[in-house]
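Residue numbering for the sequence shown follows the working numbering, starting at 4 and increasing by one per position.
Since the hints were made in silico from the structure, they are not lab data.
Check each hint, because a few of them may be wrong.
The list that follows gives simulated cross-link-like pairs (lysine-lysine, DSS-like), each with its CA atoms no further than 27 Å apart [said to hold, decoys possible]:
| # | residue 1 | residue 2 |
| --- | --- | --- |
| 1 | Lys66 | Lys41 |
| 2 | Lys19 | Lys100 |
| 3 | Lys66 | Lys32 |
| 4 | Lys32 | Lys100 |
| 5 | Lys67 | Lys32 |
| 6 | Lys19 | Lys41 |
| 7 | Lys100 | Lys41 |
| 8 | Lys41 | Lys67 |
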Amino acid sequence: MLNTTQNILNYFGQEKVQIVIVAFGPGLKFLLANSPVKQRIAALDAEGVEFDACHNTMLQFQKKLGHMPELVPSAVVVPAGIVRIMQLESHGFDYVKP
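Using the sequences and the hints given, assemble the complete structure.
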């Protein structure tokens with residue numbers, strides 16, 4: 004998914020495309036503070052990519068961990084990942100699942 008994102012940015016240029024990555028379910032793991040790809044996330048954030056984290060999924064992690072998971076600094080917590088995707092699609096965004 005991060006490679007696909009970089010490919011899109013390289014092709015269109017960050018001035019001509021807006022990318023929002025919505026993480027929910029098991030996919031939320033890549034946004035955890037100890038993620039092995041946190042440097043790539045920071046680099047893509049610097050290029051304007053938005054990273055949204057599902058609060059509902061975070062609550063499930065909390066049940067397992069005993070505390071809310073810590074996320075990378077660029078993560079934006081949204082109430083529900085699937086609702087966020089629906090909102091983005093209603094505003095003309097294309098859904099891409101690599």
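Among all the numbered hints in the text so far, which are the ones the structure does not match?
Nothing - there is no hint that the structure violates, so all of them hold.
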